[in-house]
Amino acid sequence: MAMLSRVAEHLYWMARYLERAENTARLVNVNGSMILDLPKHVRPGWSSLISITGADETFYKNYPSAAEGHVVKFMLADDENPGSILSSIRSARENARTIRDIIPREAWEQINELHLKARENLASGLSPKWRHAFLSEVILSVQMISGILNEGMSHDAGHKFMNIGCNLERADMTTRIIDVRSLNLSQKDQADALKPFENILWMSVLKSLTAWQMYRRHMQASVSRDAVLKFLLQDNQFPRAFRFCLDKVENYLGRLPHSEAVLQALSPLKSQIDAANPEKLVQNELMEYIDQLQIMLGDIHIAIDKNYFGEVEEGQSQSQSH
Amino acid sequence: MLKQSDSGKNRHLAYLLLPEGEELFNLLNNHNMTITWKDYPVNGYFDELISFEGEPRSGAELLLKHLDGMTETELQERKAAADAAILGMGITFTVYSENEGSIDRAWPFDIIPRIITLREWRRIEQGLKQRVKALNLFIDDIYHDQKIVKDGVFPGDLLVDSKNFRPECVGVNPPQGIWAHVCGSDLVRDHEGTVYVLEDNLRVPSGVSYMLENRLVLKRVLPELFEDYTIVPVDDYPSQLYQCLSSLAIDKKWPNVVVLTPGIYNSAYFEHCYLAQQMGVELVEGKDLVVNDDDCVYMRTIEGLAKVDVIYRRIDDLFLDPEAFLPDSALGVPGLLRAWKKGNVALANAPGAGVADDKVVYTYVPDIIRYYLGEEAILPNVPSFRCVNPEECEYVLANLDKLVVKPANESGGYGMLIGPKASQEELDEFSKLIRNDPRNYMAQPLLLLSTAPTLIGDKVEPRHLDLRPFVLSGQQTYVTNGGLTRVALKKGSTVVNSSQGGGSKDTWIVDWEGE
Numbered sequence: 001m002a003m004l005s006r007v008a009e010h011l012y013w014m015a016r017y018l019e020r021a022e023n024t025a026r027l028v029n030v031n032g033s034m035i036l037d038l039p040k041h042v043r044p045g046w047s048s049l050i051s052i053t054g055a056d057e058t059f060y061k062n063y064p065s066a067a068e069g070h071v072v073k074f075m076l077a078d079d080e081n082p083g084s085i086l087s088s089i090r091s092a093r094e095n096a097r098t099i100r101d102i103i104p105r106e107a108w109e110q111i112n113e114l115h116l117k118a119r120e121n122l123a124s125g126l127s128p129k130w131r132h133a134f135l136s137e138v139i140l141s142v143q144m145i146s147g148i149l150n151e152g153m154s155h156d157a158g159h160k161f162m163n164i165g166c167n168l169e170r171a172d173m174t175t176r177i178i179d180v181r182s183l184n185l186s187q188k189d190q191a192d193a194l195k196p197f198e199n200i201l202w203m204s205v206l207k208s209l210t211a212w213q214m215y216r217r218h219m220q221a222s223v224s225r226d227a228v229l230k231f232l233l234q235d236n237q238f239p240r241a242f243r244f245c246l247d248k249v250e251n252y253l254g255r256l257p258h259s260e261a262v263l264q265a266l267s268p269l270k271s272q273i274d275a276a277n278p279e280k281l282v283q284n285e286l287m288e289y290i291d292q293l294q295i296m297l298g299d300i301h302i303a304i305d306k307n308y309f310g311e312v313e314e315g316q317s318q319s320q321s322h
Numbered sequence: 001m002l003k004q005s006d007s008g009k010n011r012h013l014a015y016l017l018l019p020e021g022e023e024l025f026n027l028l029n030n031h032n033m034t035i036t037w038k039d040y041p042v043n044g045y046f047d048e049l050i051s052f053e054g055e056p057r058s059g060a061e062l063l064l065k066h067l068d069g070m071t072e073t074e075l076q077e078r079k080a081a082a083d084a085a086i087l088g089m090g091i092t093f094t095v096y097s098e099n100e101g102s103i104d105r106a107w108p109f110d111i112i113p114r115i116i117t118l119r120e121w122r123r124i125e126q127g128l129k130q131r132v133k134a135l136n137l138f139i140d141d142i143y144h145d146q147k148i149v150k151d152g153v154f155p156g157d158l159l160v161d162s163k164n165f166r167p168e169c170v171g172v173n174p175p176q177g178i179w180a181h182v183c184g185s186d187l188v189r190d191h192e193g194t195v196y197v198l199e200d201n202l203r204v205p206s207g208v209s210y211m212l213e214n215r216l217v218l219k220r221v222l223p224e225l226f227e228d229y230t231i232v233p234v235d236d237y238p239s240q241l242y243q244c245l246s247s248l249a250i251d252k253k254w255p256n257v258v259v260l261t262p263g264i265y266n267s268a269y270f271e272h273c274y275l276a277q278q279m280g281v282e283l284v285e286g287k288d289l290v291v292n293d294d295d296c297v298y299m300r301t302i303e304g305l306a307k308v309d310v311i312y313r314r315i316d317d318l319f320l321d322p323e324a325f326l327p328d329s330a331l332g333v334p335g336l337l338r339a340w341k342k343g344n345v346a347l348a349n350a351p352g353a354g355v356a357d358d359k360v361v362y363t364y365v366p367d368i369i370r371y372y373l374g375e376e377a378i379l380p381n382v383p384s385f386r387c388v389n390p391e392e393c394e395y396v397l398a399n400l401d402k403l404v405v406k407p408a409n410e411s412g413g414y415g416m417l418i419g420p421k422a423s424q425e426e427l428d429e430f431s432k433l434i435r436n437d438p439r440n441y442m443a444q445p446l447l448l449l450s451t452a453p454t455l456i457g458d459k460v461e462p463r464h465l466d467l468r469p470f471v472l473s474g475q476q477t478y479v480t481n482g483g484l485t486r487v488a489l490k491k492g493s494t495v496v497n498s499s500q501g502g503g504s505k506d507t508w509i510v511d512w513e514g515e
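Order-wise, the sequence lines are chains H and B. Residues 1 to 322, numbered by this note's numbering, are exactly what the first sequence covers, in order. Residues 1 to 515, numbered by this note's numbering, are exactly what the second sequence covers, in order.
Honestly, the hints are just simulated from the structure, not real lab data. Quantities reported herein were computed from a predicted structural model and do not represent experimental measurements. Some hints could be false.
Calculated pairs, BS3-like style, for lysine-lysine (alpha carbon to alpha carbon, straight line, at most 27 Å) [as the list claims (entries may be wrong)]: (1) H:K207 <-> H:K230; (2) B:K133 <-> B:K147; (3) B:K307 <-> H:K306; (4) H:K306 <-> B:K287; (5) H:K117 <-> B:K79; (6) B:K219 <-> H:K117; (7) H:K73 <-> H:K61; (8) H:K230 <-> H:K306.
Please take these sequences and the hints and turn them into a complete structure.
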């Protein structure tokens, strides 16, 4: 039986939002621990998390400063921030709710549970003492849900839409995490002071993507900017590396009907990645390069939307948060 | 001379009146002990588990004994576990509120099951099959020759004013001549233990998923209760429903069956999803479907259009097809009625089936059964007065404060008057309503609904309940084993609708013969 377009769309967005919740949790977690590794006078603070998610406007409209408490609240709980953990989980649940008949019952129960738990335990997430536990629980829950989905669902078209959504979101987040560290290192007032700690910053990038261990095994190099960039952009074995995510998207698309148009949108992005030479990109160029990758990811989404989801009604299309 | 519509029984009104003083209901729990059944007040009602002064009814002995053995803490733990399971499983229903819009609420569930013996159930089952068979013959006749009208058994002018008679359906021949494939009839028991049919729901009856989930939850939180009993399982329903639906596409071996929902804001959305999932068919919304130039129905898929053969629709008639009915309905599918009339798609229930769940038509059901089947009704109707008949109307108006008045075409307990509990203004208002439109009203004496022990706070108290079994009509007729027991959680209340503070219980059909 062919899959309903509407159902495909909900699966795609459910997966994206779940992935987004997990990524945001990682981001906040790692930023918190990185800051503690830096000497007081050079700590880059929390404002970069806001830039990462492209939410500066919303944030500064509602909060007086980028102090830790404000940023964490914005990233975890703010309803106006579509990338906040609670918003993402709520959106994932709303999407899951409309396809309860498609996904395994256990997956729905866990998504529902995650929604209830995150709401209930929010206070602990906002207190520095318990934040780590709260965020780890979100990350683990999402990983469990994705396990149930991947192992409990037939690997049919719906499964492919889910994984395409997840990998696009993941690729997007990887570029954003690179972006923000580059930002720290390129800002005039900060760059010089941070220079001696550059490796700590790049290590935090790896850690926020749980890439630290795999980086060490595969690159067998000490942590350096160029090697980290190469690994995160071009590695084809690490699941959070851009290239790996892209291969996944291509692979799943290839097994969907009528995917030619979307695959076409994918190919310039592939060449862009293959051609990258991070050593040659100085900070400002790197940021431009990353921006390009994000725009091209957006194009792939648009192609998928047009090709499979079709006639999306007014007010129904779900905005990407960034 | 006053005549009651139910020709079978000519009972006197007085016995049906509400007893004085609900304070008789006070509790019964000694704080140190747990449940003390002998203090449980039966008070002139029929209690489903207890006959009098702590004496269990046949079949309930072991259950009561088991509950007796539990400490209050244990009971509360199980109750909490059930609530947590329901929340975690996302068993919800949606209610609308003026202030808060639509809210997804956890399904209210009482952990003490209701028991009916298999012997009694077999008779009820026969009665339901008989009733639904006659109703289907009636609907088919109404949309064809109207023999029952010509023979003077059913007044044809009732159809003229019927909100659910659809002239568009005249002459249509749905597969197997069946119009109401899924019927939910509400049963109640009076203080003498007689089971009556209170109403039939032939349009889009809901609740069956909660029946299934109640069993699942109870098995999770009180598994030991099941050890001593042989309880007829209920989980066959989705397969039976699928069989019934797929049999409507007569010439197809693997028909494409879908469930059509109004969407996530509908109060029964949970159920629509649940049934689609359990049957393994697609859940679709109106916008997923399209009727093409060939008058066939298709769904939009990632591979283009795919033909649909059977639609289990959970959208009301008038919203089904903006071309045929309400032009501004965004829930339906333009051209759907055309496709159905041509026989290109089967709709369950068929449009127009609601003509038979009109509450005034209800009063004729015993006559309908006699006319089509030549049998007396196995399950009696609640004695009813038809306001359309001037004599009965006068009686109703004179005794409004003792009667329950129901509009012909409302469901969910809306638009009703409960005379003994109404204020003078409400009585006056209904008096006016009835005079203006007598055809739209019928009245019944207030039944003393039966009760069952229900966990309220930390105590066990009697609460009124009803039962909604579901009947499937296709090539075969199937009745659920039991049904959805709904219980009015407010003390003394008889309103069991979940939208108005009702809860539910697992319903056990227990094989207790000879034990």
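Against the structure, the hints come out as follows:
| no. | hint | result |
| --- | --- | --- |
| 1 | H:K207 <-> H:K230 | holds (16 Å) |
| 2 | B:K133 <-> B:K147 | holds (17 Å) |
| 3 | B:K307 <-> H:K306 | holds (22 Å) |
| 4 | H:K306 <-> B:K287 | holds (17 Å) |
| 5 | H:K117 <-> B:K79 | holds (20 Å) |
| 6 | B:K219 <-> H:K117 | holds (25 Å) |
| 7 | H:K73 <-> H:K61 | holds (14 Å) |
| 8 | H:K230 <-> H:K306 | violated (32 Å) |
Hint 8 from the earlier list is the only one contradicted by this structure; the remaining hints agree with it.
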